[in-house]
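Chains Y and W are the protein sequences, given in the same order.
Be aware that the first sequence starts at 44, since it is given in our numbering, and climbs by one per residue.
Be aware that the second sequence starts at 126, since it is given in our numbering, and climbs by one per residue.
Check before you lean on any hint, since a few could be wrong.
[Claimed, not checked] Covered by chain W, per the in silico footprint, the following chain Y stretches (three or more residues, Cβ under 8 Å):
(1) 54-60
(2) 72-78
(3) 98-105
Source of the hints: derived by calculation from the structure; they are not laboratory data.
Everything numeric in this text was worked out from a predicted model, so none of it was measured.
Even glycine gets a Cβ: it sits at the ideal position worked out from N, Cα and C.
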Amino acid sequence: MSRDSIKKVMGELFGLTPEQIPDDATMETLDAWDSLNHMELMLAIEIEFGVRISTTTMLDLVSFDAICDFLKSQGAGAK
Amino acid sequence: MTPVPGVSSGELAARRSRGLRLQQEGNLGELPESRWTVLASFNADPLAPLLCEALERTGVYARIALGPFGQIPEQILNPASELYASRPDELLLVPAAEDLLAPLFERPFAFSGDEAVDFAQRRLAELRGWLEALLDRAPGATVYPVVLGAARLPAGFVLDPRAAVRGQLALETFHRGLRELGRLDARVAVVDFAAQREFYGAQPIADPRLWYLARMRLNPQGFADLAELVARHARAYRGASRKVCALDLDQTLWGGVLGEDGLEGLELGDEGVALAYQDLQRELLTLHDAGVLLAICSKNNEADAIEAIEAHPGMVLRREHFAARRINWQDKASNLREIAEELNLGLDSFVFLDDDPAERDWVRTALPEVAVPELPEDPAERPAFVQTLASFVRLDVTAGDRQRGRRYREQKARRSVQASAASFEEFLATLEQQVSITRLGGPALARAAQMCQRTNQFNMTTRRYTVADLEKLIGDESVEAFVLALSDRYGNSGITGLSIVRLSDGIADLDVFLLSCRVLGRKIEDVLLAVMAERANARGARFLQGRYVETEKNRLAARFYADRGFDPVGEGVFRLDLSLGIPSIPTQIKVNLSDVA
Numbered sequence: 044m045s046r047d048s049i050k051k052v053m054g055e056l057f058g059l060t061p062e063q064i065p066d067d068a069t070m071e072t073l074d075a076w077d078s079l080n081h082m083e084l085m086l087a088i089e090i091e092f093g094v095r096i097s098t099t100t101m102l103d104l105v106s107f108d109a110i111c112d113f114l115k116s117q118g119a120g121a122k
Numbered sequence: 126m127t128p129v130p131g132v133s134s135g136e137l138a139a140r141r142s143r144g145l146r147l148q149q150e151g152n153l154g155e156l157p158e159s160r161w162t163v164l165a166s167f168n169a170d171p172l173a174p175l176l177c178e179a180l181e182r183t184g185v186y187a188r189i190a191l192g193p194f195g196q197i198p199e200q201i202l203n204p205a206s207e208l209y210a211s212r213p214d215e216l217l218l219v220p221a222a223e224d225l226l227a228p229l230f231e232r233p234f235a236f237s238g239d240e241a242v243d244f245a246q247r248r249l250a251e252l253r254g255w256l257e258a259l260l261d262r263a264p265g266a267t268v269y270p271v272v273l274g275a276a277r278l279p280a281g282f283v284l285d286p287r288a289a290v291r292g293q294l295a296l297e298t299f300h301r302g303l304r305e306l307g308r309l310d311a312r313v314a315v316v317d318f319a320a321q322r323e324f325y326g327a328q329p330i331a332d333p334r335l336w337y338l339a340r341m342r343l344n345p346q347g348f349a350d351l352a353e354l355v356a357r358h359a360r361a362y363r364g365a366s367r368k369v370c371a372l373d374l375d376q377t378l379w380g381g382v383l384g385e386d387g388l389e390g391l392e393l394g395d396e397g398v399a400l401a402y403q404d405l406q407r408e409l410l411t412l413h414d415a416g417v418l419l420a421i422c423s424k425n426n427e428a429d430a431i432e433a434i435e436a437h438p439g440m441v442l443r444r445e446h447f448a449a450r451r452i453n454w455q456d457k458a459s460n461l462r463e464i465a466e467e468l469n470l471g472l473d474s475f476v477f478l479d480d481d482p483a484e485r486d487w488v489r490t491a492l493p494e495v496a497v498p499e500l501p502e503d504p505a506e507r508p509a510f511v512q513t514l515a516s517f518v519r520l521d522v523t524a525g526d527r528q529r530g531r532r533y534r535e536q537k538a539r540r541s542v543q544a545s546a547a548s549f550e551e552f553l554a555t556l557e558q559q560v561s562i563t564r565l566g567g568p569a570l571a572r573a574a575q576m577c578q579r580t581n582q583f584n585m586t587t588r589r590y591t592v593a594d595l596e597k598l599i600g601d602e603s604v605e606a607f608v609l610a611l612s613d614r615y616g617n618s619g620i621t622g623l624s625i626v627r628l629s630d631g632i633a634d635l636d637v638f639l640l641s642c643r644v645l646g647r648k649i650e651d652v653l654l655a656v657m658a659e660r661a662n663a664r665g666a667r668f669l670q671g672r673y674v675e676t677e678k679n680r681l682a683a684r685f686y687a688d689r690g691f692d693p694v695g696e697g698v699f700r701l702d703l704s705l706g707i708p709s710i711p712t713q714i715k716v717n718l719s720d721v722a
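Using the sequences provided together with the hints, build the complete structure.
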């Protein structure tokens, strides 16, 4: 798992390049990230990094940093 | 019921982003437009881009409006609703059983005996009333009610399927009633997603987290499958299904290469992979019975191919099932054009099935209106693949459809059509062919001997040399032998050509000159000949001499030397005077000659 690979997944879903996603991106600050595609982002991250995200955690992972920390805590590696 | 193959997560993301782009950018392709409104009992937002994308693939640009979710009756029964304001051409109704029969899911034991089934029937009657009102108030619109199927049973821990409290009977009643809605009006086309779930649902299409957090009854996969299925219904409703399935023979209709393996060597029968080929033929026969015309478009000797079709015990399809055929050595795009003329149908009603990615690409390039699906590489996956092809969907099969195949056969007009040369040269360049020619020896000997034994069609002398014969030949100082290997952008075909030259008295004589028919028609034969001419010249020969020994199978090669400027000097013997010039290597092909000189 690298920060770049997370940005790649986000970028594909949001129609952005990884460079267009800043390190401090949150659902509030990034226009393309809304509550609807957030669900899809969570599912895409599950598939890409082989993790399971609980319903409550999904509601917490609304910033790029939070996603990185979560994946680190899971010891996740990209497939 | 129309099945849809599940899509991979990568394909899903690609469809979604393409759909979003289509919705943002508008109808750039200037396709015919259609206004869609989606009314669902749950949050179906993710469906919109996917539906837009799926419909675009059927040739329609859809402007999609999502009604507020959970308001099917409100939107339909209020004449001033957004629904009527948007004046839809097509209306997708998605009532989930979990929503319409919510009390049953919440408290299954509150219903006793037949009450659950009665309840389902009452809800159905209401729904039918809404639909009638809708048909009345939106006079031009086509309505697609979806039988969504439920993600769970009301009381699944009760195991007896007939036990009323389990809730299955009520669900079945509800779904059966939805399926009957098509009888109300010709403008109603029922989309049976529940059957899709039952028969084709390998992957989960719902996710409880999405329900709790976003009120969605489907996951992205489920929405994508639903979008695809709805688009297929819309296409079938328009009558835009394709009418002709053009088929390759070798490795498509049967396993193996007829020209090399012979009729007995074909894989086609009732065991193993041979059965997979036979099952593919059964699917094609079903399409034929439903009115799809079958045609053969194959590079083969026609007489051999017809013999195989008529005589092979494993064939399910026979000559009478094919409305037209072009079995020859010309390029397949020209052949498809001829078949279209003969059947008097547009190429836009054609689907072309071929195992060879290069042939598929050539047809896509030359005839973009032909649908060329990516036939799975594994023959075992092909029967289901053909059954689920979007191109042949139809809402129903009429008696007229069922007789179509016979009608065409009876009227079959034999016309010779001038082959038109699309830019085959350009296509060859895009193939990125790389030929490498090396001296025969080592591990290539076995393959060379195998080609001597098996190659029939492009084999100028048909000398059946064994490994031992070949070893003796290359031990002879006057003899040089070369093998040719080909790769292109699709992969490596391995060793597919052999040439053996004997030099004496200033004449380089081509004792063996053969190519596997897999690589014919791509100018590879010209490469091998040019390299042989070059080499003969370097060895001091004045003439390159070719021989043509006629057999039953190699007639396509009869004019090979004459067509390339060789002079006939005797029965089946041709000579090229190298002092007048040496043939050049076709420019589209990269040639690697590591140890030729």
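For the stretch 72-78 of chain Y, do three or more residues have a beta carbon lying closer than 8 Å to a beta carbon of chain W?
Coverage by chain W is violated for the stretch 72-78 of chain Y (1 residues, Cβ < 8 Å).
Coverage criterion applied to the stretch 98-105 of chain Y (partner chain W; beta-carbon cut 8 Å; 3 residues):
holds (count 3)
Counting residues of the stretch 54-60 of chain Y whose CB is closer than 8 Å to a CB in chain W, do you get three or more?
Held - the stretch 54-60 of chain Y has 3 residues with a Cβ nearer than 8 Å to chain W, which meets the minimum of three.
Figure legend: structure checked against the earlier numbered hints; the only hint not met is number 2.
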